[in-house]
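Given the coordinates of chain A, work out where chain B should sit on it, guided by the hints.
Sequence order for the protein chains is A and B.
According to my numbering, the first sequence is numbered sequentially starting from 1.
According to my numbering, the second sequence is numbered sequentially starting from 144.
Certain hints may be false.
[To be verified] Chain A regions said to be covered by chain B (calculated; three or more residues, Cβ under 8 angstroms):
1) 29-37
2) 41-51
3) 71-80
4) 105-119
[What the hints assert, rightly or not] DSBU-like mimics (lysine-lysine), calculated; alpha carbons at most 35 angstroms apart, straight line:
5) A:Lys59 / A:Lys8
6) A:Lys31 / B:Lys194
7) B:Lys194 / A:Lys59
8) A:Lys8 / A:Lys22
9) A:Lys64 / B:Lys194
To be clear, the hints were calculated from the coordinates, so they are not data collected in a lab.
Bear in mind the structure is a predicted one, so any value in this text is a computation, not a measurement.
The beta carbon of each residue, even a glycine, is placed where N, CA and C say it ideally should be.
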Amino acid sequence: MGEDTSLKMTRVFNAPRDLVFKAWVEVEQMKRWFCPYDHWALEITNDPRVGGAYRIVMKNPDTKENHIVRGVYREIRAPERLIFTWQSEIIAGFPETLVTLEFRDLGGKTELTLTHEALPTPELLDKHTHGWNLCLARLAKAV
Amino acid sequence: MVKYQSCSLDATFHALSDPIRRAILARLETGEASVTQLARPFRVSLPAVSKHIRVLEQAGLLARRRSGRTHSLRLVAQPLRDAAAWIEHYRRFWEDRFDALDRHLQETMHRQSQPKKEE
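Chain A on its own, in the form it takes in the complex (with noise of 0.2 angstroms):
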């Protein structure tokens, strides 16, 4: 317990803020890069605003299996800061974690800041799913 269960990364991208921004939020650029797997198909639907919802279907292919990531905006303020929750659709005890973007212009670069917090850690999945914990306490001893 005590462990730090959220994580921040920090990246520049060589775009304007406006684009960098926009690319997080409109559903055919999203549709671009989001995509975990080249040949994977993306589902995604989007109501960009606070309160709204959106909802990304990745379809694998190959096993026909999709997962599912979904949330709720919190915080949009165009072009420097999007906060959104985010929670897996098939995973049964995924908790809702927190997404808080932030886009610092660089004058024609841009200094994008992820925050991913509240994330689950096996221990926490456990408590919700016994299958889990059955799993991970025999991976555990495995290594």
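Just chain B now, with coordinates in the frame of chain A:
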């Protein structure tokens, strides 16, 4: 050589969301196994088990070794060892997305700097 698939966090969660896949991982704790050996305890077809194995491989949880026509699979449990490693998974997920976003932005900038062609 063992080839590791890029392992995103979602792929890991997804891989663990199915009871058959968890059972496959549990079986592999006891050592390497072939696809046929892995399929034996389950009342599902060999192709169905192969499908589950592919999901686990994509998540970086399994490694495959070929000797002749036999494929042996073994567990790569490292990604799940502790919470720190777990957080590392999320980090990798977002780093991959940042890489893809970077490529997308460069393409967009490149297109915008090109003289307009007929649409």
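Problem set entry | Hint check against the structure, violated hint numbers in rising order | Numbers 2, 3, in rising order.
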